[in-house]
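Using the hints, build the complex out of the two chains.
Going down the list, the protein sequences come from chains B and E.
Quick note on numbering: the numbering used here labels position 71 of the first sequence as 71, and the sequence is numbered without any gaps.
Quick note on numbering: the numbering used here labels position 16 of the second sequence as 16, and the sequence is numbered without any gaps.
Because the hints were derived from the structure by calculation, they are not lab data.
Think of the CB as a built atom: it goes at the ideal place given N, C-alpha and C, for glycine as much as any other residue.
Careful, some of the hints might be misleading.
Claimed, not checked - Every beta carbon over 10 Å from chain E, so not counted as near; a handful from chain B, in silico:
hint, residue
1, D40
2, L45
3, G77
4, M99
5, F101
6, P117
As the list claims (entries may be wrong) - In silico contact screen, one side only, chain B against chain E (beta carbon under 7 Å); selected entries:
hint, residue
7, F21
8, F22
9, I68
10, L74
11, A78
12, Y79
13, P82
14, T141
15, W144
16, Q149
Stated by the list, open to error - Here are the simulated lysine-lysine pairs, DSS-like style, with alpha carbons at most 25 Å apart:
hint, chain 1, residue 1, chain 2, residue 2
17, E, K300, E, K223
18, E, K223, B, K7
19, E, K159, B, K7
20, B, K7, E, K162
21, E, K159, E, K223
22, E, K300, E, K4
23, E, K12, E, K159
24, B, K95, B, K41
25, B, K107, B, K95
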Amino acid sequence: MAQTFTKEMSRNIFYGGTAFFFLLFLALTFDTHMSMPDRDKRELLNPDTERGQLIAHGKQLWEENDCIGCHTLLGEGAYFAPELGNVYKRFGGSKEAIMGFIKGRPKNGIPGRRSMPQFNFTDEELAALAAFLQYASEINTSNWPPNIQG
Amino acid sequence: MTFKYQSQAVAKPYFIAAIGLFVAQILFGLIMGLQYVWGDFLFPEIPFNVARMVHTNALIVWLLMGFMGAAYYLVPEESETELHMPWLATATFWIFLVAAGLTVAGYLMVPYATLAEITGNKLLPTMGREFLEQPTITKLGIVVVALAFLFNIGMTILKGRKTVVTLVLLMGLGGLAVFFLFSFFNPTNLVEDKFWWWWVVHLWVEGVWELILGAILAFVLIKVTGVDREIIEKWLYIIIAMTLITGIIGTGHHYYWIGTPEYWQWWGSIFSALEPIPFFMMTVFAFNMVNRRRRNHPNKAATLWALGTAVMAFLGAGIWGFLHTLAPVNYYTHGTQITAAHGHMAFYGAYVMINLTIISYAMPILRGREANSGKAQVLEMWAFWLMTVSMVFITLFLTGAGILQVYLQRFSDTPLPFLVVQDKIALFYWLRLIAGVAFLVGLLVYIWSFFIPGERKAAEMPAMEPQGSERGAVEAAAG
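Chain E extracted, bound-state conformation (with noise of 0.2 Å):
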């Protein structure tokens, strides 16, 4: 066993249900990419609503997962004692993937309206809002394990040594499950709706969650680089400072086109269009930590997947956002395929790239070895260009169709209805659909990586494999 602390292995099975939720969630994608070009697929059993609630919430439960799977590896490490309550850790694992399961099943086999009643949506209508579908018993589920979580997270770096990366991670969890019950927050008035909305939605992704998405950044490049904990901090200080000075304010580029007062033009498009800042030195930061490093780490791929994370949330959150973040150009593509894709790119590069990232460094370590063979590896490495590709692909495809559909039915002298427009630009869904499914090639190839036998036997140590035997001096070498 290589991890320090026994009830790190927590983690393993958030990391395992995270993956397969991720499954759940391009499988459902890819449903409704068929339905895009072929409008009547799986109608009336699975609605395009239906699956996209699954879509969308699968991947948020799941990057929720790999948070809690993060944190309870990285935590006892950094705090340098055990975690405070294992066997609390565990039980919310199982209340959470049972009240996820059960959610999905409700979801996809009685209509939501039926779903709503047998919930009792009515003594608390919170359902029905984009991402925030759960029921509202779902709802409180999600805030006692949150609060278990956090128990658990909290006391445990109390007791332990306190870095800026715990501290950090802990800043963000705590935000997160903050602003999650303005969730329950659900006024008739459709401009305080969604104002409020958006606190949960963008004070999560564009806030809060970069500070988690931090915080295991800095994790894992510590941790593969060797570099100076002090430098790293640093930086991590630096970059969240950006996060936050920018998009607490930058949530006003919501606040253009829903009944809130045009100031907010001015205050959206400015601060906003400063949000790429800290993604971009988050590249740089990446970039130099592995540059510096002190140490080559034998799991190259998680290094990959760290680089990888930087450079895609800065082209996805950063320049993707940016693209239709100023008010005069969102006046156009408010609500468009231009919002979906930088949707997809964003999450994809910043929070399924970063689990995947502490998965890929903390999954082999869980398994019993510092790093998977070196052809576990190169499978791994396969499926982090197949699906990175794909999604570079799957967002230019979509910003093609986003930019006519702007066109055509908003900016031509003769605007056309929707659904002619939508016609017009099927062939970019048609080829969103192709890269889609070279996506899912990606992710099977990852998965298969993990039943490549990971041990790295003796036999396999000679010099026939370089690598094998660069990484058995590092590994004596660091003793």
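Bound conformation, chain B alone (with noise of 0.2 Å):
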């Protein structure tokens, strides 16, 4: 580079660039979290209500069994396990199929093949999983997955 671009025009381009930037995304986050209670189903976690309770415990068991460490949720996770942003539709609206899934997961695993472990949830914590389940599926995620596959 030539004399005419100066050391001193790239710092200003660096500090000027990153403050208008970081600020332009301040402000679309600001929009962002005006217009999520559209998108994110937050009325169905209201903690006075059962459901709510339930989904809030459900978030917590899939966050203290790390379920992101083979699963994907909304497309974010591990790619070792199926989706499950979309399982509960897959499942046929069914938050009975999903208990009665985790719940028969073999102690010793399927031989030569990946399988889920056996959690030995209590039937209120998979109850609690399924309403999460559930939930996530609500959210509106601009029509992905593709298809029901997740």
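Take a look at the structure:
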């Protein structure tokens, strides 16, 4: 680069550009939070309702068993096991089917194949996980995933 | 002793521990690679999610260890003064290492739910989110270590010479600490959770970490090429300017399908499509500086790592990132093996390689010589090519797996279930596993290179070895 483009100019582009685009990012973040309630189904999360409590408990179980270490949820996580953001719909809109699946995992796996561990959840915990996955399936994800297979 | 400031020596244990954790990372990567094709391997003792936590967390910790070692090495030299508190740097090293060791032991020895319970996750739930699986108490430990580190580095910079390299490094490290704080925010609202989770993950790897990368690369290039600092600093500023101008709004490419407004598909696509630009500039920069070098530094391996970082970061982060960043493409590729392919080459190319660059440059000096013997360097370069070519193949095989997965599971007229598709693409997982084993061989060669006698003995110097005599002449000229 010739003398015409000085270190001071590139420094100013760095500070000016970073400041401008970070402020723009903050503005977009603010706007996003204004419109999120229309898409994120937060009305289901009211902790005064039984369903809200169940979903919160389900999310906690989701985290404390590191489900994200094998599955994706809305496309984020590990790619070892199926997407679960739409599992409620894939299982025919049945929480019982989800609970039955988790409950029925063989303790010692399936020879030669991938298998979900047996977590020994109580019925209340199974219901909480199913409620959480049902809530996840109701978030407006701009029509993602492309089909029911996730 | 060839390093100028006594306190630079605190960097050495950081580098050694980083390489140790690197080995752990690769071993657990191979376990996962095997589990992809042999589903019940080590089941239920080490389920896939546990192996993955060790694989990704070991990576993050060793990269941070490397960054800290790099800072402790280069800041005193740039600032032309001793480190503010060398004992603090050594103390935080042991705290960090023990915390990391205990955390990994926790992952492996008890079920994750038990670990959550005994570490009191209910008091401040932060666990169980990708890459942020560490118990809350470990996260608090990371904050303490980061604060002590920033204080030490910051005070050193304040009392000494201020250079662009140290300033950019400090901004990167400061940003790293600040954005990590978002890992403590974990609302029940899944959309909010995911939105802010990216403030740690994206603003780290596609934001402030690139400042750290740029600063370390600039430092090494100043040292090995002898090019005027003014020129290198000008490049550094313009590269990191483009990084943040594109990368901050580029966060939007994670906000397409998680319940955030649809305008992010435009913001994310446009800005993240520009994210390869700073990486391309970095490649041009590194080759330009090496071509315009004013000295032939005897450490050829370090120069190779520096050039390799620029190229592989551009390929992995730039090209493989662009491949699936546009919203209409990402609609089909989101959360598939395409993501895994990009993740592997981007982390290796940008952050693994910059760490190996500074280790390659600094370790010989910390061991009392300007550069390793020719034999040790040749071995190190073999390791460079073995690891880098293996990573290219890992990426290509995962990309192949990903293209098939996208077609069979998401694009064809009769989409197949996830696990059916996994069986159909197993060949690519086998090939990836073979490439992974080759990577481990490269890593073992790399470690072996540290045990080759590094001193260039007087007997080795005669004209029999042209490299050696050339080096001697250069050193004589450099005084």
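Outcome of the hint check:
A beta-carbon of chain E is positioned within 10 Å of the beta-carbon of B/D40; the least distance is around 4 Å. Not every Cβ of chain E is farther than 10 Å from the Cβ of B/L45; the closest lies at roughly 5 Å, contradicting the non-interface assignment. B/G77, annotated as away from the interface, has a beta carbon of chain E within 10 Å; the closest lies near 6 Å. With 10 Å as the threshold on Cβ separation, the claim that B/M99 sits away from chain E holds: the shortest Cβ distance comes to roughly 18 Å.
With a least CB separation of 13 Å from chain E, B/F101 remains clear of the 10 Å interface cut-off, as annotated. The Cβ of B/P117 does not lie farther than 10 Å from every Cβ of chain E; its closest approach is about 5 Å, which violates its non-interface assignment. Using the Cβ-Cβ criterion of 7 Å, the hint placing B/F21 at the interface with chain E is satisfied: the shortest such distance is roughly 5 Å. The interface hint given for B/F22 is met, as the beta carbon of that residue sits about 6 Å from the closest beta carbon of chain E, less than 7 Å.
Against a cut-off of 7 Å between C-beta atoms, the interface hint on B/I68 holds, since the closest Cβ of chain E lies about 5 Å away. With a cut of 7 Å, the hint placing B/L74 at the interface with chain E holds, because the nearest CB-to-CB distance is about 5 Å. Interface restraint check for B/A78: the shortest CB-CB distance to chain E comes to about 6 Å, inside 7 Å, so the restraint holds. With a cut of 7 Å, the hint placing B/Y79 at the interface with chain E holds, because the nearest CB-to-CB distance is about 6 Å.
The beta carbon of B/P82 is positioned within 7 Å of a beta carbon in chain E (closest approach about 4 Å), and the interface hint is therefore held. Against a cut-off of 7 Å between C-beta atoms, the interface hint on B/T141 holds, since the closest Cβ of chain E lies about 5 Å away. Because the beta carbon of B/W144 sits about 4 Å from the nearest beta carbon in chain E, less than 7 Å, this interface hint is met. The interface hint given for B/Q149 is met, as the beta carbon of that residue sits about 5 Å from the closest beta carbon of chain E, less than 7 Å.
Between E/K300 and E/K223 the alpha-carbon distance is near 12 Å, which keeps this suggested pair within the 25 Å criterion. The straight-line distance between the Cα atoms of E/K223 and B/K7 is roughly 19 Å, inside the 25 Å bound, and the hint therefore holds. Of the supplied pair hints, the one linking E/K159 and B/K7 holds, its CA atoms being roughly 24 Å apart against a limit of 25 Å. Between the alpha carbons of B/K7 and E/K162 the distance comes to roughly 15 Å, so the proposed pair stays at or under 25 Å and holds.
Between the alpha carbons of E/K159 and E/K223 the distance comes to roughly 23 Å, so the proposed pair stays at or under 25 Å and holds. Straight-line distance between C-alpha atoms of E/K300 and E/K4 comes to about 21 Å, which keeps the hinted pair within the 25 Å bound. About 23 Å separates the Cα atoms of E/K12 and E/K159, which keeps this hinted pair within 25 Å; it holds. Using a Cα cut-off of 25 Å, the hinted pair B/K95 and B/K41 holds, with the two alpha carbons roughly 18 Å apart.
Proposed proximity of B/K107 and B/K95 is supported: the alpha carbons are some 22 Å apart, at most 25 Å.
Violated hints, in rising order: 1, 2, 3 and 6; the structure is consistent with all others.
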